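Chemist: Below, each chain spelled out in residue letters.
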Amino acid sequence: MKIELVSNINMDSIKFYLKDYQLLGSCDFGNYMIDLIDNNSQLHKSEAEIIFLFLDFDELNEDIKDVLSAVDIFIENTGKTVIMNTLASSSNYIDTFLNIRLKQELNANLNLVNFADKNQNVLLFDFSKLLRKSNFIDEKYWYMARIKFSKSGFESISRELSNLLNAYKYGSKKVLVLDMDNTLWGGVIGEEEIKLSNDGVGKIYLDFQKKIKQLKGLGVLLVACSKNNYNDGIKGLEHINSILTEDDFIIKKINWNNKASNIEEIAKELNLGYESLVFIDDSPMERSHVKEVIPNIIVPEFPKDIYSINSWFLGVVGDFFSKISLTTEDLNKEEQYLAKRQRDFAIKKTSYEDFLKTLNIEIEFQINNNEHIERYAQMTQKTNQFNLTTKRYNIAEMRSFVESSFYDVISVNYKDKYANEGVTGLVIVNILDKYVEIDSFLLSCRILKRGVESSIFSKLSKLYFDKDIVGFYVETEKNRQTKKLYETHGFKEIDKNKFIMSVK
Amino acid sequence: MMKKKVLNIASELFGEEVTMDTKIGDIKKWDSLGQINLFMALESELNLSFGHEDVIECNSIEKIASLIEKNEN
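Chains as they are written, first to last, in the working numbering: chain A, 1 to 504; chain B, 1 to 73.
Bear in mind the hints are in silico, worked out from the structure with no lab data behind them. Nothing here was measured: the structure is a model prediction, and the numbers come from that model. Each hint should be verified, as a subset may be incorrect.
Residues of chain B placed beyond 12 Å of chain A at every Cβ, according to the derived structure [what the hints assert, rightly or not]:
1) Lys-3
2) Leu-7
3) Thr-19
4) Lys-29
5) Asn-37
6) Glu-62
7) Ser-66
Residues from chain B that face chain A, not an exhaustive set, calculated with beta carbons under 7 Å [said to hold, decoys possible]:
8) Ile-9
9) Ile-27
10) Met-40
11) Ala-41
12) Ser-44
13) Leu-48
From the three backbone atoms N, C-alpha and C, an ideal C-beta is built for every residue, glycine too.
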């Protein structure tokens, strides 16, 4: 997208700092009034889609009303969009306590704001906000070369301009995905008194929550994605000082699953692409994991210094949630998504298998492969939830299984369109004369509910087609979800927790 | 060390690779406006301040590097 720059001072330095957009410079500074009105001017003929009209208040000789009528004429003639700035006195002026300049400034800005409100082709940005930053102006180069702002000044203007252009061209991101502990409050809920209050460090998080709530008011959807016990997470939102409440979040993934899978579910439930999501988490590990699994999601750095969380967040909002207009659709977005999610849940119940089909799951079996013995042993040590017998083996024991002709060690490699999870399933089979016995059967949590179990059973029945298969369930604190595994796959219980699949 | 910093600042500003031999006019963005912006960037990044004449006259990386070395001594 091409931008034409017009100003009453020399603003060409912006071209050194404005990335991603091409700045044309076909107009000399100072002639902007004629350029705007004269329909034979370079500005009228410019191929640029957008005009950036920067007005320096100190150097402005015209009445702002005259400038605005010139802009009006220009827009009527060309239909182009004009970006303008609010006016601010940037150099010293003699005013004492009469506030003459201040009144002029307020008046001019009131005219500007009203004009921009009425005219869809005018986009206005708040320049006085930028000017508050230190070292914005460089007097030496102003008097030497008529270049008014410093490097950091031009950088701020360019960043603001580019946020505005991005909002114009691409619109805002739609969803803010938030971690909870040490993000929405200080400390870990359920383990300590969290910091969220009107004084001390707690005020940092209180102010942060206020900004998040404001952003929600602009139509951004909030989602919680946090590794906590569900009840603990909710307790945090019910905290007496919490600005954000349970109802502010359209989805709450408060569980111990890995965050990338939670985010995959979030995107699916909202039916949005990952590029609409911004993920905020204080943990560098979680951030890099999510970014690695889902490259399209936006994952801003989180400040190490908690005192700068609030100013950092303003930057994040500018970069990703800038909006040039607010539609009623924006304001009703949450309701629409809620309705849509309810429909989706209804569909989901009948077609979970269809959903699995979209994952392009590929499963590969390896039998008695001695390259992964260490990983096999590790899996028996670490897997608790989907583990039928929970027998723990060390590397030497595992090696003897792989090498023995009385045992088969079958491993499962899982891959889908999002990730190659590697070796994530393991079955150890004891081969006896008349039948085979499943000594161990385990799957990593990462690949549960994907139909992998069923593939394993069909593999087993092919491998041992002429023998009965016997399996056991040994109950532990954590493996109850596997209690019915054999029965749901056609095995018969012949003894307590002993199951058989006969050849016939 | 300082030379490397100067090269980095200039390359970043002009969006093109700059070497010790580069001077004004050699690359597209290094014109008279580029010259001023280069000094603005050097002053802000290196926390230095240069005189009017130096800003006009030191229009090659070589001259800038020796100017900064002289300043340091």
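Chemist: Indicate, hint by hint, whether the structure satisfies it.
Modeler: To see whether the hints hold, each was checked on the structure:
1. Lys-3: 20 Å, holds
2. Leu-7: Non-interface label stands for Leu-7(B): nearest chain A Cβ at 16 Å, farther than 12 Å.
3. Thr-19: 19 Å, holds
4. Lys-29: 7 Å, violated
5. Asn-37: Asn-37(B) not clear of chain A: closest Cβ-Cβ about 5 Å, inside 12 Å.
6. Glu-62: 22 Å, holds
7. Ser-66: 22 Å, holds
8. Ile-9: Hint on Ile-9(B): violated, closest Cβ of chain A at ~10 Å, above 7 Å.
9. Ile-27: 12 Å, violated
10. Met-40: 5 Å, holds
11. Ala-41: With Cβ-Cβ at 5 Å, under 7 Å, it holds.
12. Ser-44: Cβ of Ser-44(B) sits 4 Å from chain A, so the hint holds.
13. Leu-48: Not OK, violated: Leu-48(B) not within 7 Å of chain A, min 12 Å.
Against the hints set out earlier in the document, violations occur for numbers 4, 5, 8, 9, 13.
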